[in-house]
Structure formats: C-alpha cells, structure tokens
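The chain contents come next:
Number of protein chains: 2
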Amino acid sequence: MALYIHRPLSFLNYKIGFLNICFKKYSICSLLRNPELGSEIEIKGWIANIRKQKHNIFIDVKDGSTSEQVQVIVSSDLNVNTKELSAGSSIITSGSIVKSPKGNIEILAKKIKLISKCSTEEGYPFAPRKEYSPEYIRQYLHLRTKTNHFASLLRVRNSAVLAFHSAFQDEGVINVHTPILTSNDCEGAGETFKVIPDNEHLLKSMAKSGVHVDEIFFNKKSYLTVSAQFHLEALANGLGSVYTFGPTFRAENSKSRFHLAEFYMIEVEIAFLEELKPLLNFVERLLKKVTNNLLDNNISDIVSCQGINRTEFEWLEKDFVILSFDEALNILNCNASQFKKLANAQNGFNKEHEIFLVKYLGNIPTFIIDWPRHLKPFYMKECKNDSKVLAFDLLAPDVGEIVGGGLREDDFQKLEEKLPKEGVLEWYLDFRKFGGISTGGFGLGFERYLQTILKIDNIKDTIPFPRWPHNCSL
Amino acid sequence: MALYIHRPLSFLNYKIGFLNICFKKYSICSLLRNPELGSEIEIKGWIANIRKQKHNIFIDVKDGSTSEQVQVIVSSDLNVNTKELSAGSSIITSGSIVKSPKGNIEILAKKIKLISKCSTEEGYPFAPRKEYSPEYIRQYLHLRTKTNHFASLLRVRNSAVLAFHSAFQDEGVINVHTPILTSNDCEGAGETFKVIPDNEHLLKSMAKSGVHVDEIFFNKKSYLTVSAQFHLEALANGLGSVYTFGPTFRAENSKSRFHLAEFYMIEVEIAFLEELKPLLNFVERLLKKVTNNLLDNNISDIVSCQGINRTEFEWLEKDFVILSFDEALNILNCNASQFKKLANAQNGFNKEHEIFLVKYLGNIPTFIIDWPRHLKPFYMKECKNDSKVLAFDLLAPDVGEIVGGGLREDDFQKLEEKLPKEGVLEWYLDFRKFGGISTGGFGLGFERYLQTILKIDNIKDTIPFPRWPHNCSL
Chain A
3 MALYIHRPLS FLNYKIGFLN ICFKKYSICS LLRNPELGSE IEIKGWIANI
53 RKQKHNIFID VKDGSTSEQV QVIVSSDLNV NTKELSAGSS IITSGSIVKS
103 PKGNIEILAK KIKLISKCST EEGYPFAPRK EYSPEYIRQY LHLRTKTNHF
153 ASLLRVRNSA VLAFHSAFQD EGVINVHTPI LTSNDCEGAG ETFKVIPDNE
203 HLLKSMAKSG VHVDEIFFNK KSYLTVSAQF HLEALANGLG SVYTFGPTFR
253 AENSKSRFHL AEFYMIEVEI AFLEELKPLL NFVERLLKKV TNNLLDNNIS
303 DIVSCQGINR TEFEWLEKDF VILSFDEALN ILNCNASQFK KLANAQNGFN
353 KEHEIFLVKY LGNIPTFIID WPRHLKPFYM KECKNDSKVL AFDLLAPDVG
403 EIVGGGLRED DFQKLEEKLP KEGVLEWYLD FRKFGGISTG GFGLGFERYL
453 QTILKIDNIK DTIPFPRWPH NCSL
Chain B
3 MALYIHRPLS FLNYKIGFLN ICFKKYSICS LLRNPELGSE IEIKGWIANI
53 RKQKHNIFID VKDGSTSEQV QVIVSSDLNV NTKELSAGSS IITSGSIVKS
103 PKGNIEILAK KIKLISKCST EEGYPFAPRK EYSPEYIRQY LHLRTKTNHF
153 ASLLRVRNSA VLAFHSAFQD EGVINVHTPI LTSNDCEGAG ETFKVIPDNE
203 HLLKSMAKSG VHVDEIFFNK KSYLTVSAQF HLEALANGLG SVYTFGPTFR
253 AENSKSRFHL AEFYMIEVEI AFLEELKPLL NFVERLLKKV TNNLLDNNIS
303 DIVSCQGINR TEFEWLEKDF VILSFDEALN ILNCNASQFK KLANAQNGFN
353 KEHEIFLVKY LGNIPTFIID WPRHLKPFYM KECKNDSKVL AFDLLAPDVG
403 EIVGGGLRED DFQKLEEKLP KEGVLEWYLD FRKFGGISTG GFGLGFERYL
453 QTILKIDNIK DTIPFPRWPH NCSL
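Residue numbers (the working numbering), protein chains in the order written: chain A, 3 to 476; chain B, 3 to 476.
Read the hints as simulated data drawn from the structure, not as lab findings. Here the structure is a predicted model, which is why all the values come from computation and not from measurement. There could be a bad hint or two in this list.
[As the list claims (entries may be wrong)] Reference excerpt, derived from the structure (chain B facing chain A, CB under 10 Å, subset only): (1) C24; (2) T149; (3) L156; (4) R159; (5) V175; (6) L183; (7) N186; (8) N201; (9) N239; (10) D432; (11) F436.
[Stated by the list, open to error] With a straight-line cut-off of 25 Å between C-alpha atoms, the simulated SDA-like cross-links for lysine to any residue are: (12) B:K27 with A:N294; (13) B:K223 with A:S207; (14) A:K196 with B:E202; (15) B:K119 with B:I52; (16) A:K279 with B:C24.
Where is the CB? At the ideal position from N, CA and C, for every residue including glycine.
Excised from the complex, chain A in its bound form (with noise of 0.2 Å):
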C-alpha cells in the first residue's frame, strides 16, 4: 500500500568505516594517545607548518583535538604539489602510523589532498610562527580558533565546564536551568536589559489597548538574568541543593578588562545550610577540585595557552585564607600609600584593594567574611547581636573577586520587613511559608575562574564571543 521503504541505517552503504564508530577515533589527540604502529590512518586537519627539503617534505597536522600536532612525512616520490601546500590550509592525508628516532609518532603519507587552501595574500591575518597580541586577534572572532593560543584556552574551558559538572554532581547538588528571561531585577542594581520581539507585525497582532509596548508579549516587562538566585531558592525549597551554570547579562557601561556584558556565572543554593563555614568550605574544595582536574588532565593545553606551568598552581596545597570585613579594612589602611582611593566602611572595597588583599596574603585565594548590611543585598542573613551579616565574598590572585555569596534570611518577619516595595516578589516570601528551609549559596564568575587561574590579562579572552559596551560583533 505504501510507497515508502524502510531502510534502516545499518543497510546503507558506506564509504569509510564510520558506521557506529566514535567521531573520536579518528582525531590526532587518539592517534597520539593509543597509536598503532604500522597500521594505516587517515587524518584531516590543517596545517601549522610546512618544511619543504629535497627528499622529503614535513608538514605539521593540528586537527583542534589537543595542543600537539603531528608531523607528516611526505616523500617527494609521491610528486605532491605543494604550491597551495601553506600554513593554514586544510588537508587529507592518508599513511602509516610510524615512530621517529626520538620517539615521536609520526604519519608516512602514501597521499595527501588538499581541502582548501589559505593564504596571507589574500588576506589570511595570522602568518606561520608569528606572534599575535591578543587584542589583535580579537578583531578576528571568527577566525581566533585559528590561533593556537585560543584554540587551547577553549579546550581547556571545556574542560572546566565538565569538571564543574562533574563536582556538582559528586556533592549531590542538582542541576537546573534558570530562567534567562525574568520578570525580577535579583540585584536591584538598575544593570538589565529589556527584552521585546523585533516584529512590528507581531507587535501589532498582539497589541492591547492602554499596554506598554514592552509589555506586550509577556504581559509584562521582561528582563535578562542577572542571577538566579531568587528561582534557584524556590527549587531548593523542595529539590535539595541545586546549581546552574549559564549566561548571565549586566548592562552597565564598562569596557574594563574585568567586565562583560555576557558572561558565565555558576550559581548554586545549598539546602538545610545553618552555618557559612560549610558554604566556604565548599567553595574551596570545588575550586581545588576543578583546578586540579584540569592540571592532571589539560596540562599541555595550560601551558600552551598562556605559558604557565604547575608552579604557578602553589596555592592548592595551602588552605584559603579568611579575614573578616575590618581586618581586610584595616590591612589596606595599614597600607594606605599604595591606593589612588582608599578604602572605607561605607563603599567596601574596589578592584584595586581586592587585588591588593590577595598578594599581600602571598597569592592565596582569601574569603572576606562578616560584611557591614549594607553592602550586600537585602536577603543577605544578619549575624547574631551586630550590624553584620553572614555574606562573603572570595578574592582571588589577579582578578579579584571571583565568588560572592552568604546565607540567606531564613526569618520570615525580618525578611519581610527588608522586602523592596518596588518589583513583584510576594512569590519570594511565599515558599518560605509552607515548610521553608535554611538555605546559603554562591555565585561563581566562570570567565574570572579562567582569567585567574591561567593568568590571562583581559577577560575578553576568555570566551568565544565577547560582548562590551559598543562590541557585539558577529
């Protein structure tokens, strides 16, 4: 009756033995980790460099799967033309698997094919074993990947988003996605973004007499995240522990090399937590733990990166240090002299002290605890018999403050009173009511964690796509 044939996928043909293997087998990074001497393979990728000799011609292969490249051997009996042979091109080559006198494995070609050349001529803005500043690479988002350096640093961010995951998960703390769009501004600070279709059509066929444009296709304004701990409360109150890991958006005017207008935050919300040691303790074992998966497992990419190496990472061995809000204060007017702007109780600290905080306690990361209530936002616990409340926030080497969080106010009369009038958060009091919980947590800013650990100067380069006051490219 019908006209169709079923024809299930193992019943097609195929070219290359792809069929049900892993993309994997195929990559540089497996053939230098499981080679099989002798054996043929076949290999795409481009080319870092070429050497052209009488006997022979020795092309260096990357394929993007890790920061070693293999060297390609292509004898001058195979009559390869190697005019369109330049850095950057992209090849098949196909060969078997040897070992040099040194002991590297390389590929004796049997062929080679070009996919596509490259060239500087043409306007190709990165030559062979030339070295780029990175701002200059930056003018070229779509083609960084290109660059070794930042192939390397997204390998190793990918890295870090599993070793983040994977430590969640340990913990038994749950993952959840947080809205991106909300109807609260979490920290009250005036730093959103408003969102509204780009439709006028849409708009129109949607239109209620006496609603603000803004408000039509939600019924109200709606926002971009710039936390999520409001919804991350509400899911503990019934979940346990929970963490999100997304993009988080501040529209504020500040091209500084600290500062995007889109960035990556790792929020989380421990359940039934009635002390902040605990909390802190916590962030000190995810950011040992994390740093240290990647040393064991990302090493050549650190290295090729930004050209540091383990000995940089001395502070995994110390235990984090913690000072209260006036002993960080009185340090840095200990050493009044070094500021353009000295610090005080009623403005906290700026980028400058906290750098400051951080070398002079020997590059370890410090938490400051025990912060004055008003410079932290409204949820934040109060402390037993002071102005205090039980927020902190974790400094790091380079960058500064990298993790802020607290407890949050668990009693229900207080809470309320400190509640903003303005903004719709009766929701917030509500699952307080009915079986309510202690809760405490954190926000981590995932682009500094890079920034500090692989010492990288501008947080821009941190992240495929960077967007800046007057930068949204691509």
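Given chain A's structure and the hints, the job is docking chain B onto it.
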C-alpha cells in the same frame, strides 16, 4: 605589622562534622544506597506523609535527592508535639538506621525537630495524597518542586544534561559557549527578540547623535539567539567538532503544547564531514546512549514522573527509520483522510503529519532526508544533480520533529550567491576562504526530547520556569 589573622578553615570550630565532607553524605539518596545499619544519622527533609498511631508515629521523609522516601519511626515515649508535624513541614530528625521486617531502610528517631510548618489552611496549594493536573500545578511555579512528579522530572532533566555532555565528550566533540546576544538573525524568520538596556540614564549617557536607541549600547541592533549554528561553524573551522547546550529564543505567538519562547537547544557541528549518513548515525547513537543511560540510572524517577516504564522504550532495540521527503509525502497522501490539512511539497509537513508518520512507522524515530531546497535555509548543501538538499529532520513519537540538521554548503561560489543580501554575513563566508572544511550538524530540542521519552503532554511541564506568550512569571 598587619592586623589580620590568618585563619585557615581547618582551625575553625565546627558544630557538626561538615568539614571537607561531601554534602551528598547527608542525603536520603546516599542513606538508601549505602546504609550503615545501627549507626546514627541526621536527616533533614520534608514530611511526605505522617500516620499517627497509638504507640508510634510513622513519618515518610523526602529531601529531593531521590524519588524514594525514608520512614522515620517516632516512639510516643519521645513526647513529640505532633500538632505542627503535617505533610509539607520541614524537619530535622536524628536516630539510628534500622532495617524493617520487609527489608526497608528506616530510622528509629531519637530526636525530631520542626524547622518550619506547612498548612493547606494558610494557602498551601497541595494536599497530601491528592493528585493535581499539570495545569493546576503550573499555576504555582515557585512551589512545583514540592510535588513528586515535578521533582522527578527535574532529576531526570539533570541526568539527561549530564548524559548528553558525557556522550559528546566520549566522541571528542568539544563544548563551547556560543553567544546569546548576537547581531545576526541566523534563521531569518523574523522571530527574534531585540535587547536594550532598561536604564534611561545609561542610554542618555551613551547616546550619540543619529544613533537609534536600539543601537546605542552595542553600536548595532542586538538580538537573542535563535540558533548558534553560524558561530559553531566558525569555531569548528579551527577547533574541530563542537557543540553548545544553551538557551534559545523565539518570539512566536504560539501557545501550542510544543512551543516555548525560551527553550534549550543542543547544537552540534561536526568537522570534516562529507556525507549525511555518519551524521544520522551519530544522532541515533547519541539518543540511544543518553536514553539507555537514563534507564540505567534514573528508572525510579522515570516511573515516578509519568508512570511509564521500560516497555515504552522498545525503539531503543530497533534501527531508526530513514525516509526521503518524497516517500514521506507519499505515505501522507495515501492516508489523506486522516488529516485536517493535506501535506504538499510546497509547504512541507505540519505537526499533525509528523506525529502520524512516526505512529504509522511503528513508533520508531524516523529520519526524513532529501528535502526540497525551498523548505530549508540557504546554507544547506545541495544534492548532486537534484533540486534537493542534504538536510534531515528526526521525528519522534508523540512529538514530531526533535532534531533538524544537515550538511552545510561548502562550495564557496554557490554559497556566495545564496547568501541573503540583508544582514551582515561576510564573516560567514570569510572563514571558508582560509583552509575551509566541510561540516554538518544539527539542533536538538532538549525539552522535546524530554517530552518524547517521558510522554509529557505539554512542553511547559519539562522546564522549571516556562516562558510563552503572556507568561513570564517570576
């Protein structure tokens, strides 16, 4: 000199043995997996059920870490005030771990303390042992995790996130964060949201004469991403195969049970790919691997979420079906009486057609390949000697399309001709000039995947905070 005290965490006093101990140790999930019979334990959670008998009170406690509950036996000798202990209340209880005659792990309470009560009289919307419709529960987004169904859904969702990540890493596909804010409308369907700072003062301070308000902050109009594909292609042209797993947005006035304004998409771009078949095979391998992983590790949550069990997953043992567009159209035309609206080559298939096709083919996920060129975007690679393109959709039971993808046009001239004149897409051509490679990829709707495997009727019940027209709560 300095007035600070270096106090490493390990010297701080500690109330309970929390220090350097994984949070997971204290969960009901851990207790039930590794019970140390006879030893003491402290459990924090919510009362699921309470039965008061003459000599004992039996309390089922849940804490969000698993769909299972643990029974706490409170002897009347303990003189517990049971008045405020009702379903939904949060409690701390400590006691010894025992095994019931039936073999269940239970706690013989020594102490029990109410954290916070919960009562339907004060407005708690969920009575114990009562079933509510998803529509009813959806009215209380901030309380949804207090229901067993939705807590199970979120635990499955968590596991699915991790299973996808792990499946990609096993294949050597690298995770990247593509931008949420972009100056491109990748799909060109006019379903974008535009993004503007919600701060008059900021906009005023950044304003330049002649610049429209939409363009002040980023110097150009900026949108929420509708697809990361172009960015993935750029990254793949240096890093190799890549994927992204993040929020995606569509400003579409649809309240259907298959659409959200904010949803999660897994988008993948495989490098050095010259045929469609390995891509279809990868999709099949991926979905089977992730789903088997969920069945192995989350079966109790899968059952608790929607009451379905392993027998619903027969498709895991079968090869996915592959049909050409024309074959699929033929089937639909042979069954024309089934549809409100006939399918045709001009407009392609609608949801009704998609769901019928999968059912007709025995509820096995079905690839539709060889699409007419006009039904797919400009960047799809053309079949040789044909008006078709090398694109595919994957249709899943009950839901229809969950994956869409194909090979990208790698003929530079052809692509240049087809490039839309509006929109600034030179960069999309540019990375193909310099060692360009053939790639192919797809986008997988994460919520639709959850919908199909868990048989959830409405997509709004697969995500913690659903957003759709007229709805952006919390």
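Taking only the CA atoms, is the gap from A:K279 to B:C24 under or equal to 25 Å? holds, 14 Å
Please check whether B:R159 passes as an interface residue: C-beta within 10 Å of a C-beta belonging to chain A. With Cβ-Cβ at 8 Å, under 10 Å, it holds.
Does B:L183 hold up as a contact with chain A if the rule is Cβ-Cβ below 10 Å? holds, 5 Å
Less than 10 Å between beta-carbons is the criterion; does B:N239 satisfy it with respect to chain A? holds, 7 Å
Given B:F436 was flagged as interface, is its beta-carbon under 10 Å from a beta-carbon of chain A? With a minimum Cβ separation of about 4 Å from chain A (threshold 10 Å), the hint on B:F436 holds.
Grab the minimum C-beta distance from B:N186 to chain A and call the hint holds if it beats 10 Å, violated otherwise. Cβ of B:N186 sits 7 Å from chain A, so the hint holds.
Tell me if B:T149 is really an interface residue toward chain A, meaning its C-beta lies closer than 10 Å to one of theirs. Constraint on B:T149 satisfied, holds at 8 Å.
Between B:K223 and A:S207, does the CA-CA distance stay at or below 25 Å? holds, 23 Å
For the restraint on B:L156, tell me whether the closest CB of chain A is nearer than 10 Å. For B:L156, the interface hint holds, since the closest Cβ of chain A sits about 6 Å away, which is under 10 Å.
Do the numbers back the hint for B:V175, that is, is its least Cβ distance to chain A under 10 Å? Nearest chain A Cβ about 7 Å off; hint holds.
Proposed proximity, A:N294 with B:K27 (alpha carbon, max 25 Å): Since the Cα atoms of B:K27 and A:N294 sit roughly 22 Å apart, the hinted pair holds (cutoff 25 Å).
Minimum Cβ distance from B:C24 to chain A below 10 Å? holds, 5 Å
Against the hints set out earlier in the document, no violation occurs for any number.
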